[in-house]
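Protein chains: 2
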Amino acid sequence: MAAESVPFDLGESGNPRVTTGPISGSRKVHVSTPSGLRVPQRRVTLTNGEHLDLYDTSGPYTDSEATVDVRRGLEPLRTTWITDREATGGGTQLSLARSGVVTPEMEFAAVREGVPPELVRDEVAAGRAVIPANRRHPESEPMVIGRRFLVKVNANIGNSAVTSSIEEEVEKMVWATRWGAHTIMDLSTGRRIHETREWILRNSPVPVGTVPIYQALEKVGGDPARLSWPVYRDTVLEQAEQGVDYMTVHAGVLLRYVPLAAHRVTGIVSRGGSIMAAWCLAHHEESFLYTHFEELCEIFREYDITFSLGDGLRPGSIADANDEAQFAELRTLGELTHVARRHDVQVMVEGPGHVPMHLIEENVRLEEELCGEAPFYTLGPLATDIAPAYDHITSAIGAAMIARAGTAMLCYVTPKEHLGLPDRDDVKTGVVAYRIAAHAADLAKGHPRARERDDALSRARFEFRWVDQFHLALDPDTARAFHDQTLPAEPAKTA
Amino acid sequence: MAAESVPFDLGESGNPRVTTGPISGSRKVHVSTPSGLRVPQRRVTLTNGEHLDLYDTSGPYTDSEATVDVRRGLEPLRTTWITDREATGGGTQLSLARSGVVTPEMEFAAVREGVPPELVRDEVAAGRAVIPANRRHPESEPMVIGRRFLVKVNANIGNSAVTSSIEEEVEKMVWATRWGAHTIMDLSTGRRIHETREWILRNSPVPVGTVPIYQALEKVGGDPARLSWPVYRDTVLEQAEQGVDYMTVHAGVLLRYVPLAAHRVTGIVSRGGSIMAAWCLAHHEESFLYTHFEELCEIFREYDITFSLGDGLRPGSIADANDEAQFAELRTLGELTHVARRHDVQVMVEGPGHVPMHLIEENVRLEEELCGEAPFYTLGPLATDIAPAYDHITSAIGAAMIARAGTAMLCYVTPKEHLGLPDRDDVKTGVVAYRIAAHAADLAKGHPRARERDDALSRARFEFRWVDQFHLALDPDTARAFHDQTLPAEPAKTA
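Order-wise, the sequence lines are chains A and B.
Mapping of the first sequence onto the numbering used here: residues 1 to 495, in sequence order.
Mapping of the second sequence onto the numbering used here: residues 1 to 495, in sequence order.
So that you can see chain A by itself, here it is in the shape it has in the complex (with noise of 0.2 Å):
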């Protein structure tokens, strides 16, 4: 358990606090497989005597008869899984799925979902689903991510440079996944990158992504300038060994898309998309993220890491969607997911950013078509650029589209989007906002158990059964304290 071989200090901190107990209304129950494995969910008793049982990403922090110590980092569920299967020759997820065997993690996330393990092994097989999940991370409960499945939700949390912050990391992923977010990605950055990464890692039930480029860029000073294959090449081996799930790599921004962008209204606003633009330009040589691509396949496939191919030339604005630079990477990504799948390694592919809704159809149907069917993961889109500080909004109304349309992972989008860093509150609104967004995409794809809370939650409400309503909504706190603020208390809540 790598908890324990890496020396955590937080220096005046001390243990991280971090926030534990059941949600409101549930408590955790688990599903045993006939294989053996236990699939935690979250149960919602109800008052009339019957109950629920809800897709559970929280992890053992709202498990009440869990005993968590952020210091030694959960227990590596998936350890004994890992071993045996490196026993039997290894493999990743996707080569195990090509030769037809339904792996634990495939059996887990099938439970989860309520299908057949069969219909997972098959989705990841053909690539129209990942599963990521490195090998040195034995601590997260396996997901899948596919069109197949119910639409996930990705929390973005990290850091910039200030030391106490690693404590707030860390309850950050906790408080994200607690309210339902199914992966977070750390986009920390500053003096003690690795560190608040390891102990996120260590304590997350979730997986975790990162964008290398980031710490990368750290060690040459911030200069994108001196960057180079090399120090790319140890950060992702760095961040592989600590166990990140899935990078992002933005080996899409090629040097000869750089021109596209120039006549934009916002330019390139993906961070790695300006860095790799940057360095292509200073050196007026192809991104050694393009031309090293087949060595970071070895690298991922020895981990079993999953790409997320960025999209560093995403529309910023509403005026640059769908634009050529957009689509020139586009195609490009299609081609690198086919070189990635050649070298058994499971690839998603990053999507817009600011589309209106119009034209948020055809990003869909362009991915599908030039990647493969690979899982599109798409941060949004926003359907206007009028509303900073309600970004979580015009994001959600973009996101419940392009997920209805196929997209099988939304990227979060907070309140503070365009303006500042988001605080707990911020990601609590933004979580809770995608999913709503992700749950009416499964509403409309005809998910099969997707209606079962919709068609609860009514018929509590129908039946004046408050407590009910409370405890089966996505906020079970913000909506009692909604209620009670105009309402008398007890007596209209049990009537």
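Possibly wrong hints are sitting among the right ones.
Because identical chains cannot be distinguished in the list, a pair is counted as satisfied if it fits within a single copy or across any two copies.
Said to hold, decoys possible - No farther apart than 25 Å at their CA atoms in a straight line, the calculated lysine to any residue pairs in the SDA-like style are these:
no. : residue 1 : residue 2
1   : K445      : L187
2   : K445      : R365
3   : K445      : P224
4   : K445      : L359
5   : K445      : R264
6   : K445      : E324
7   : K445      : V265
8   : K445      : A319
9   : K219      : V265
10  : K445      : D53
11  : K219      : I299
I should point out that these hints are in silico values taken from the structure, not numbers from a laboratory.
Position chain B against the provided structure of chain A, taking the given hints into account.
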């Protein structure tokens, strides 16, 4: 001017205090038309010397050169238009449009939209647009509702029974229009319902809608069975005389449709629908709203009140969306639309409610087909039931989609929906969420002026003109506050 003829008595609360003064970074300007109308716009002056003029819903309250005296009411902008028209035979906006007349109201509305007045006239003549403008509400600044024009937003206000709330309700009206509500509905109940409405009407720069059955029910002590056509008619006349611009009439809840709702998950959730269903069942007679509909048309024509045909059988949950009860009523609303038009009365048709994304478009298609393309006026719809306390978001998703499909006006939903009564902050949050949905649809529909604001804000963002970015935002104050929370103040904003 009606304000002076009514004995206002606010008791202890005295002269209502309302919010006045320009929106941050904006000032009121007036565009003069060839025929001499002065149309208000909101001008945002940018730091780069440019400016952008925006549709302005906020009336004289944001005009630093206007004197606001709530006890006197607003200046009656339309008085001479109305008296001139009555001197030459009168008529409704619909009858005049059909005769080829461009009324001052049409001209005024056209300037706000940036379209030729003849387009407004032709759309009104065809019944595809309405101008709600009771001749007894001369204070209102005319606006047009129709699928060829900017998508509009309505905010519901109104309180239950508390005397001191008149002041609060007038302020809610001012506050809702400040943030962009194009119309408001006064849903007040209780003792001082007439007086509250009088204050709102005399001070409202936007059209005011009501649901007369609510007040009629107060008159019969809250017992639906004691309602009758005479009580209802007299209530309508009272409200007509005060100047209500459009009225929701649930005339499509027919006796034979009531059983269709019996097996629903959430039965009948519309308050007006429930009242009329109870009346029909108690008397086992056809709804008096249906049997006396032509008499109602005569009253509406006299004042040029616009029908908002209520969807009393709208679905209250995802489970009940697009069912036979809902669509049976819609067919009747279509029939009544054509009856009203024969009487030269303008008509909007109300729509759901709770609808999953994949069933939204069918609502628009059927409404247009059955109701002769009368403007559709929808509540949300909520795209999922699982997020009480966030229903401004669940419904902004549905609202953006239904508006893109052709809905002309959206009735806002606040975070307190299903839980309690909205306060001032909730009203603002609801209005902003709905302006986002409406604007996202305007962009997707290609409204000629919609993208100006997105592009101006995106250019400001790209050039780090922070102050311009705030001032162009739907909510400048919150955008600035969020920015100042995490980043240094002045230097960063002007960097």
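Hint check results:
no.	hint	verdict
1	K445 / L187	neither (31 Å within a copy, 37 Å between copies)
2	K445 / R365	both (16 Å within a copy, 20 Å between copies)
3	K445 / P224	neither (43 Å within a copy, 41 Å between copies)
4	K445 / L359	both (20 Å within a copy, 11 Å between copies)
5	K445 / R264	between (35 Å within a copy, 22 Å between copies)
6	K445 / E324	between (30 Å within a copy, 22 Å between copies)
7	K445 / V265	between (35 Å within a copy, 21 Å between copies)
8	K445 / A319	between (30 Å within a copy, 15 Å between copies)
9	K219 / V265	neither (32 Å within a copy, 59 Å between copies)
10	K445 / D53	within (20 Å within a copy, 41 Å between copies)
11	K219 / I299	within (20 Å within a copy, 78 Å between copies)
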